[in-house]
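Enquirer: Take a look at the letters that make up each chain.
Number of protein chains: 2
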Amino acid sequence: MESEGLVRDLTAEISKRMQRSRTPIPIGVSNRHAHITQGHFEAVFGPGAKFSKFRDLSQPGQFAANEKIDIAGSKGTVRGVRLLGPFRQKTQVEVSLTDAIALGARPPVRESGDLAGSAPLKISGPCGAVDVQEGLILAQRHLHCSTAEAAAIGVANGEAVRVRVGRGGCRETVFEKTVVRVSDKFSLELHLDTDEANAAGVKTGDSAYIA
Amino acid sequence: MESEGLVRDLTAEISKRMQRSRTPIPIGVSNRHAHITQGHFEAVFGPGAKFSKFRDLSQPGQFAANEKIDIAGSKGTVRGVRLLGPFRQKTQVEVSLTDAIALGARPPVRESGDLAGSAPLKISGPCGAVDVQEGLILAQRHLHCSTAEAAAIGVANGEAVRVRVGRGGCRETVFEKTVVRVSDKFSLELHLDTDEANAAGVKTGDSAYIA
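Top line first, the protein sequences correspond to chains G and Y.
Going left to right, the first sequence walks through residues 0 to 210 as numbering that gives the first Met the number 0 numbers them.
Going left to right, the second sequence walks through residues 0 to 210 as numbering that gives the first Met the number 0 numbers them.
Worth double-checking, as some hints may not be accurate.
[What the hints assert, rightly or not] Taking lysine to aspartate or glutamate and the DMTMM-like style, the derived pairs with C-alpha atoms no more than 20 angstroms apart in a straight line are:
#: 1; chain 1: Y; residue 1: 74; chain 2: Y; residue 2: 3
#: 2; chain 1: G; residue 1: 15; chain 2: G; residue 2: 3
#: 3; chain 1: G; residue 1: 89; chain 2: G; residue 2: 130
#: 4; chain 1: Y; residue 1: 176; chain 2: G; residue 2: 171
#: 5; chain 1: G; residue 1: 15; chain 2: G; residue 2: 148
#: 6; chain 1: G; residue 1: 176; chain 2: Y; residue 2: 171
In case anyone wonders, no lab produced these hints; they're calculated from the structure.
Bound conformation, chain G alone (with noise of 0.2 angstroms):
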């Protein structure tokens, strides 16, 4: 009896899992990008200076625009960031962790928006440079999703889950503790940064899928 129990619930939990993975998930790779606050935009592109937009991003609200800045560490210079906006409250630089290695610098890994204690780095544009204290990070793996997505995949806001990209492939992967972050501004997306991407062989559009 016991036995036959374990063998229920062990098939029903393989179940509801092959439903879930069975949905795509698209994936969006960022490549190097920062966040800026107006303060540290006015100086480095100028006072009074303005964003112009490159284009929309999938997540709403969001744009990639056409300025970028250099970026410096102890040891090395990241040319041409992209910015994204709108203007933030704190400027938050996402780079991989190789680009990191170039900079000279140790970024943790963070989501987004958690910045205390986070790396140092030097941001310049055609009119200035700042040293910024705190604002360089390596993104952690998430995956965004709307209230509705998540409860179609059955994925909570916070949850840790793991997805499995480049199916079939010969990079194909597994990457543990992706952060779901649920929200209404949000759409359905796997947010992988360049090092991810490129060790699993994918790019954005692919498919990954919750394991």
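Starting from the known structure of chain G, fit chain Y onto it as the hints suggest.
Expert: Chain Y in isolation, oriented as in the chain G frame:
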């Protein structure tokens, strides 16, 4: 009765996997590097030029040379690519996909030595440059081990295994399709490229586990 048999089989399989997954496997992160023919070496370093050894590598007989070359694709150049010795029958340059994108190249994922139809590149050094028709690859992630180590862990040459890295960290990752390469010229080591290592937040000397 059927359920009991299933439970017994599952329990045995899980037990075997738990046993195997307890062996820590040292990770070796391969930065971009090149194996080179004597002909290409002399073409870029001059007639009669010889390797000078920088340091021995973990795999017996292999060494890193002091000499470095530049490699170029259609879009960019990566400078200072370390040469490994001894000389090979074919020039083989291994880069990360991050590097390949910077070069403007589309190398396939390959095992070492499998170069037919791989990507072209230009190599150059202080005394000249050579257009190499094929030889640029992304390395298929792989696990080196000796015959005795393979027997102890329970893996066979050519087998593909799942390997867990960064266990307990915020970038924990499972790499599928990690090819086992058994030879008494090898010692136990998981070889990842920099994209894979950085995606998982691991470095040379950290431990991996067969999953």
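Enquirer: Under the constraints set out in the numbered hints, which ones does this structure not fulfil?
Expert: 1
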